[in-house]
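Below, each chain spelled out in residue letters.
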Amino acid sequence: MKMESDLNRFRKIVRGKIKQELKKYIASGDLIGRQGKKAITIPLPRIDIPKFSFGSSEKSGVGQGDGQVGDEVGQGSPQPGQGEAGEGEGQHSLEVDVTLEDLAQMLSEELELPNIENKGQKNVEEEEVRYSGILKQGPDSLHHFKRTYKEALKRSISSGEYDPDDPVVIPIKDDKRYRSFTVIQKPVANALIIYMMDVSGSMGDEQKEIVRLTSFWLDTWLSNQYKGLERRYIIHDATAREVDHDTFYRTKESGGTLISSAYKLAVKLIEEQFSPNEWNIYLFHFSDGDNWSGNDTAECMKLMEKNLLPVSNLFCYGQVESRYGSGQFLRDLTKQFGEAHDQVTVAQIKDRDAIMAALKTFLGKGK
Amino acid sequence: MINNTNLSPQLQDIADSLAETAKDAGLDCFTTIFEMVDYKQLNEVAAYAGFPTRYPHWRWGMEYERLSKTYTYGLSVIYEMVINNDPCYAYLLRSNSLVFQKTVIAHVYGHCDFFKNNYWFSKTNRKMLDKMANHATIVRKLIDEVGHDEVENFIDICLSLENLIDVHSPFQATHTKLSQEEKERLGNKPVSKISSKSYMDTYVNPDEYLEAQREKIKADAQKQAKFPEHPRLDVLKFLMEFAPISTWQRKILNIIRDEAYYFAPQGQTKVINEGWATYWHSKMMTKLAPLEVSEIVDYCDHYAGVVASHGGQLNPYRLGVELLRHVEDRWNKGRFGIDYLHCEDPRDRENWDTQAGLGLEKIFEVRRIHNDLTFIDEFLDEDFCHKTKMFIYDFDPRTGKYVIASRDFNQIKQQLLQQLTNFGNPRIRVEDGNFRNRGELLMKHLHENTDLKHEFTLETLKNLYSIWKRPVHLKTVVENVKRRICFDGHNHSIEKI
Chain A
0 MKMESDLNRF RKIVRGKIKQ ELKKYIASGD LIGRQGKKAI TIPLPRIDIP KFSFGSSEKS
60 GVGQGDGQVG DEVGQGSPQP GQGEAGEGEG QHSLEVDVTL EDLAQMLSEE LELPNIENKG
120 QKNVEEEEVR YSGILKQGPD SLHHFKRTYK EALKRSISSG EYDPDDPVVI PIKDDKRYRS
180 FTVIQKPVAN ALIIYMMDVS GSMGDEQKEI VRLTSFWLDT WLSNQYKGLE RRYIIHDATA
240 REVDHDTFYR TKESGGTLIS SAYKLAVKLI EEQFSPNEWN IYLFHFSDGD NWSGNDTAEC
300 MKLMEKNLLP VSNLFCYGQV ESRYGSGQFL RDLTKQFGEA HDQVTVAQIK DRDAIMAALK
360 TFLGKGK
Chain B
0 MINNTNLSPQ LQDIADSLAE TAKDAGLDCF TTIFEMVDYK QLNEVAAYAG FPTRYPHWRW
60 GMEYERLSKT YTYGLSVIYE MVINNDPCYA YLLRSNSLVF QKTVIAHVYG HCDFFKNNYW
120 FSKTNRKMLD KMANHATIVR KLIDEVGHDE VENFIDICLS LENLIDVHSP FQATHTKLSQ
180 EEKERLGNKP VSKISSKSYM DTYVNPDEYL EAQREKIKAD AQKQAKFPEH PRLDVLKFLM
240 EFAPISTWQR KILNIIRDEA YYFAPQGQTK VINEGWATYW HSKMMTKLAP LEVSEIVDYC
300 DHYAGVVASH GGQLNPYRLG VELLRHVEDR WNKGRFGIDY LHCEDPRDRE NWDTQAGLGL
360 EKIFEVRRIH NDLTFIDEFL DEDFCHKTKM FIYDFDPRTG KYVIASRDFN QIKQQLLQQL
420 TNFGNPRIRV EDGNFRNRGE LLMKHLHENT DLKHEFTLET LKNLYSIWKR PVHLKTVVEN
480 VKRRICFDGH NHSIEKI
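Which chain is which? The protein sequence lines are A and B, in order.
So that you can map any letter, position 343 of the first sequence is 342 in numbering that gives the first Met the number 0, and since no number is skipped, the others follow by simple counting.
So that you can map any letter, position 423 of the second sequence is 422 in numbering that gives the first Met the number 0, and since no number is skipped, the others follow by simple counting.
It is worth saying that the hints were derived from the structure and are not from the lab.
Take these hints with a grain of salt, some might be off.
A partial selection of chain B residues facing chain A, derived with a Cβ cut-off under 7 Å [stated by the list, open to error]:
1) E43
2) P55
3) W59
4) V98
5) S159
6) N162
7) Q312
8) E349
9) C384
10) I391
11) Y392
12) R397
13) L415
14) P425
15) R428
16) K452
Cβ atoms here follow ideal geometry from the backbone N, Cα and C, with glycine treated the same way.
Please model the entire structure based on the sequences and the hints provided.
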């Protein structure tokens, strides 16, 4: 189809426009909680070819119908000569359907994120058998009666043997059809992401929102990289617990902060369910950096060094700024692991606009 | 000629017999080829404005997507599509019922007759289908030569100026030929010498003589300081002739201009063209080749849809057909001429009927010589205005709603004519191609009550600059103050003048 290429040109332009506005979409909370493959509709400013034309400020025109002077007429700014289909669209914005996956892809292009390298031998694939084809040869156990009958009927009609009054159809060898199977390779999920979020009292609503936005986009992008990946969500204040996706994005709690509690839970989770030999493991932790005590921080470092880092691809720590938080944890982490540690990435997320930068920091290593 | 039109024999018969009916009724059409398409194909053709062979450009894709969406959501359906070409091509939507198909075929014959016989279409290329294909070939070749983005960007720029044409120029004698002076200015022509053998040259054309010639040319040039001599409405042509653009760019500009001129009459005759086609399809379906009794309800339903005015908006189909019928009625009853016009007694006017019976003849004349502007100017009278309940609406900023502002005949007509002038486009002309003697371009918007859309004006000036490559100025009126808007390659500036 010739239209295809023009359509693609147009879509490319739209993509460019979306990229320009990407920051806006990322910082807005509207998309949160949406799931991967569904298309979402985002409004774009209309892509117009500018011309010298009359302004829309001049809003009067000629209409037709009943009513007294002063009565309201239908909406819109109609103009004569624009009633025909294909013309006469007003000032509407262009509505574009994109999937979250696409959006994530654009995000990665915009941030120039590298594709993720696989950790070792993990491209485990599973074989699945599907009966989807038809063959002329096969075992009788796979005999497809309907198809065979159809073939026989076709043959007998076309050869003139068929008699509607005596509809006997006898299949010959050539008519026989058999089911056949194909083997499908299915990749097995091999990436695990554990999100840990501090929901203690010192985290304000805006901070939580930023964390949610960041982890949401991380999630979207990573699911784009690994088809069928495992996600686990941990929230913690003084104690940690595992929650589901919805709770993670919506919960509001308060209390003290013991970061180690979350780490301990993560360690437990990995030990019990995910063998590090088979899984690419990503850890993301968001907090305002305000831990209860230095002892607990030391405990965290120990846990990381001993239990978490050896088994994971990447440990990312994102610190949001809050009024109460000291931001100490980030400094402690940097002190412990240095600025350019291979596996540990830290980022400060000051406000919504900094989310893009944080994503870049987290994912820029291509681990 | 064999065409793969996918038309069923039944429809072909209907088309042929309706063609006969149309011919008997006095319509004079090009051979019309109907093609049966599904909605996807129709949307595609419609996105290409009727020509499946057009040059590649993203805006067809945008239009196609928009049409597909409105179709999917059931917001609008295109019933037919017909193009001004010889032979005339028309597309029928497969999913339409038989009644619709008949109606559409009759409607198409109306358009086709109009294309062939209306004066304003007389200068359009009747082999446009082929020409469009040629245009596409040229553009594709240029894309191969200079690159897709490059070409597409330049097309965008040209399209942004495509409405700057002079719709009346095809009907005027070719006065646009370059004047001698202009040629000299342009070519920087060397002084003319008296022809001589080379060894005689210094004697035949001595230095003093050449110097004198040079002086003379200079003086002439100063006398003829105006460039262009007369203001030009055909800005595109002016740019083609004088803008410093490369050959391939000139080719593209030419293509855009060609197509703009081809489509211009359709913009100029929307009301009358649709009115004419609607008049004839309704006449054929109900009188000349009447539908079956069982079909008539469906037909009426369809007709009501065609002439409905949604939310008080003016529907060109309805305005056109009603005004044509009004004209027919007047001339049938002899309601014209000095006696009728001077008749003041409403009752006499109401009952005026001289049995003149000239209606049909008159509307054929109307279809031959009028465009929307002249049609409405000449025939939209007070009676019609009241009968069809026309009004002016205005935006009421207090309530944020559109309200009926007036039912005054003169105002309505004024407004309508203004909207139709220059097929709804502002009239802008080149005043000076050497503004301030610095090679800058000065254009003037002939302001008639309505301001230009500001953001668009700024953007368009940018595009104009990228063709002219020197600062560009536009004289216009913004909120009742005369302004000159300028783009100098970096910034816009607006001066009061």
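Hint by hint, which ones does the structure fall short of?
4, 8, 9, 12, 15
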